[in-house]
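Chains as they are written, first to last, in the working numbering: chain A, 8 to 370; chain B, 8 to 370.
One or more of the hints may lead you astray.
[Claimed, not checked] Okay, the calculated beta carbon distance ranges per label pair: (1) A/ALA219 / B/GLY113: 53 to 63 angstroms; (2) A/ASP17 / B/ARG361: 49 to 59 angstroms; (3) A/GLU216 / B/ARG170: 42 to 52 angstroms; (4) A/THR369 / B/ARG20: 24 to 34 angstroms; (5) A/ALA126 / B/ARG234: 45 to 55 angstroms; (6) B/ARG234 / A/GLY143: 53 to 63 angstroms; (7) A/GLY183 / B/ARG147: 31 to 41 angstroms; (8) A/ARG361 / B/PRO112: 54 to 64 angstroms; (9) A/ASN44 / B/HIS221: 56 to 66 angstroms; (10) B/ALA169 / A/HIS191: 51 to 61 angstroms; (11) A/TRP298 / B/PRO117: 28 to 38 angstroms; (12) A/GLY183 / B/GLY113: 35 to 45 angstroms; (13) A/HIS221 / B/ALA316: 20 to 30 angstroms.
[What the hints assert, rightly or not] Beyond 12 angstroms from chain B on every Cβ pair, some chain A residues (computed): (14) LEU49; (15) GLY315; (16) ALA316.
No lab work stands behind these hints, which were simulated from the structure alone.
Heads up, the beta-carbon is just placed ideally off N, CA and C, and yes, glycines get one too.
Protein chains: 2
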Amino acid sequence: MHRLELTKPDGRRLTLYGRQPLDAGLRAPSPFAEPLNAAPHLRWHPLRGEWVTYAAYRQGRTFLPPPEYNPLAPTVSADNPTEVPAGAWDIAVFDNRFPSLGLPPGGGEPPPALAVPTAPAAGQCEVVVFTQDPQGALGRLPLDHLELLLQVWGERTERLGARPDIRYVLPFENRGAEVGVTLHHPHGQIYAYPVVPPVPARMAQVAAEHHAAHGRGPLEMLVESERAGGERVVYAGPHAIAFVPPCARYPYEVWITTLRPVPGFAQLEPAERADLARALKTVLLKYDGLWQRPFPYLMAWYQAPTDGAAHPGMQLHAEIWPPYRTRDRLKYLAGTELAAGFYAMDALPEDKARELQLVEVTP
Amino acid sequence: MHRLELTKPDGRRLTLYGRQPLDAGLRAPSPFAEPLNAAPHLRWHPLRGEWVTYAAYRQGRTFLPPPEYNPLAPTVSADNPTEVPAGAWDIAVFDNRFPSLGLPPGGGEPPPALAVPTAPAAGQCEVVVFTQDPQGALGRLPLDHLELLLQVWGERTERLGARPDIRYVLPFENRGAEVGVTLHHPHGQIYAYPVVPPVPARMAQVAAEHHAAHGRGPLEMLVESERAGGERVVYAGPHAIAFVPPCARYPYEVWITTLRPVPGFAQLEPAERADLARALKTVLLKYDGLWQRPFPYLMAWYQAPTDGAAHPGMQLHAEIWPPYRTRDRLKYLAGTELAAGFYAMDALPEDKARELQLVEVTP
Chain A
8 MHRLELTKPD
18 GRRLTLYGRQ
28 PLDAGLRAPS
38 PFAEPLNAAP
48 HLRWHPLRGE
58 WVTYAAYRQG
68 RTFLPPPEYN
78 PLAPTVSADN
88 PTEVPAGAWD
98 IAVFDNRFPS
108 LGLPPGGGEP
118 PPALAVPTAP
128 AAGQCEVVVF
138 TQDPQGALGR
148 LPLDHLELLL
158 QVWGERTERL
168 GARPDIRYVL
178 PFENRGAEVG
188 VTLHHPHGQI
198 YAYPVVPPVP
208 ARMAQVAAEH
218 HAAHGRGPLE
228 MLVESERAGG
238 ERVVYAGPHA
248 IAFVPPCARY
258 PYEVWITTLR
268 PVPGFAQLEP
278 AERADLARAL
288 KTVLLKYDGL
298 WQRPFPYLMA
308 WYQAPTDGAA
318 HPGMQLHAEI
328 WPPYRTRDRL
338 KYLAGTELAA
348 GFYAMDALPE
358 DKARELQLVE
368 VTP
Chain B
8 MHRLELTKPD
18 GRRLTLYGRQ
28 PLDAGLRAPS
38 PFAEPLNAAP
48 HLRWHPLRGE
58 WVTYAAYRQG
68 RTFLPPPEYN
78 PLAPTVSADN
88 PTEVPAGAWD
98 IAVFDNRFPS
108 LGLPPGGGEP
118 PPALAVPTAP
128 AAGQCEVVVF
138 TQDPQGALGR
148 LPLDHLELLL
158 QVWGERTERL
168 GARPDIRYVL
178 PFENRGAEVG
188 VTLHHPHGQI
198 YAYPVVPPVP
208 ARMAQVAAEH
218 HAAHGRGPLE
228 MLVESERAGG
238 ERVVYAGPHA
248 IAFVPPCARY
258 PYEVWITTLR
268 PVPGFAQLEP
278 AERADLARAL
288 KTVLLKYDGL
298 WQRPFPYLMA
308 WYQAPTDGAA
318 HPGMQLHAEI
328 WPPYRTRDRL
338 KYLAGTELAA
348 GFYAMDALPE
358 DKARELQLVE
368 VTP
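For reference, chain A alone in the conformation it holds in the complex:
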């Protein structure tokens, strides 16, 4: 992995990554000339016992791009700078211009005083450009490009997680208009949180209890039984596996992980990373092959918190949640899912796994 760290004219950081050495003469463009200097803030939700972040930036959005302007494509004209330069690089990571988390130098304006506790929204929001090709897709990248992405996620996790104000690092991709994405250039995001957010906090608690009871984490035990049974497996490699979990909450939900449990990207051996890349590519190609069209999804990569505590049983894995129930029908999260947190499914994971198993792909 080769890396080049740059600073944009508005002060934001840009890091370029390549499979080959990078040209040290590359410069970081920005559509914005001036720093934002605005700070999001947190408010405490006293009924759910969790933080919510507020970033009311709309007044700062004076930039009006021309039609067809793609901020994630390489800059071709100095008159219309994008977020990334032209040149030989594979993956780019930069600070989000309108972050939900992350403070400007000096901390910005203080949070408002309210009846509920408030706090500055420390942390970091990064955008990850997966490829220079606006027409590309994560699943169609070469395997060594996907391996690089797994390395990049690991490097970002180590850098962000080492900061004392960051307790959890979550790389994710929202793909498709169905999940609200309007910018179709292949990209993901990294949220680095000042607290361990509710879902991974719950996972860490459940995993620790399971580890104390069984000596192993819940995912490690599930992987063992899924491998042995095979009924829901969509990829089985020497070091990695992908399967529809028996407890899927979305019809085409797939989990991807390594056979050896590791807490995060940074602990992957090269052979594990390579097989994980192949598992990821296989799943994404099967998705796109299922109905011969781009398959929307939300993909999250869960790791152990970076809060300095031990998290026995927490295992690096991806959960991919596609919004479709069938070719034509979306699964809406409604009353029981959102209000109760209790998911209701009208499809069996075994049936959906079979559909994905039958899609032939060449990763």
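We have chain A already, so just place chain B on it with the hints.
Just chain B now, with coordinates in the frame of chain A:
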């Protein structure tokens, strides 16, 4: 409140409610002649530590209704029976034909044996028809009709909650195509769960901790400060209040509750119920008035669990979550909300409350 309990030809229960006495000669229709005799089952999600329910009923859905058939409208022809009879009634409650929770007589087929724990999906799913008028809307019902609905929710909660297999009763309404509703006849649902689901379980835990520390529940304290400040209040009555919470997770989120904290519908005094109905009507009329069109939302009514334990600090209240950020733009729940459980907002609750305050309505 007047009530008439009936049984449908396929064995499901139907209860009619009226402000006036009901005709004891009414009969319960059903689009289906035979019992379903299929059972949903639960599977344990070992990473999140929660149950997921599976109801793979599609093979049983042989009923093909004619175009424009509305199963929630009163039956006008014996050739096309709907779910409710013609006659003088105001609100109808019946068992969902394809429930996510609830077992047929005898229990139905046993749950499958899997690597994760499984269990029969006990509980109950009910449909609540708010009015006979297919063109109506909850917010346009007369106040005494809304009071009746609050009574009905209370009566269902008492009946369902008294069952040993039911630990939590959640009335909710999904409204609008934007939240996945295809049937526009005004109606809601009641889910009665065999466990306390994750969200109310968390609420109960947080409320109990707050009550132990402060001697009062978190909502009771918040109501006091919201009333005093008024900045986010959209209805203030002698016994009830509605406000955009300072920790709103949706731009137009509103909470409705009573000034005196009560654990559930059944504990409301008549004057409190009347004012709660007026608060509800006010909020829903403001929603529809904001953009002069039906405003979609998910509305959930949280109560204390019916598991027999004490739940200090848990207070009956509605949370209403509209999916729109602006007139034209939806708020999608994506990476940070769904994967982390950490909500990110780009609008301030104070600004959205002001918008709702300015909508003039006559409840």
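Which earlier hints can't be squared with this structure?
1, 2, 3, 4, 5, 8, 9, 14
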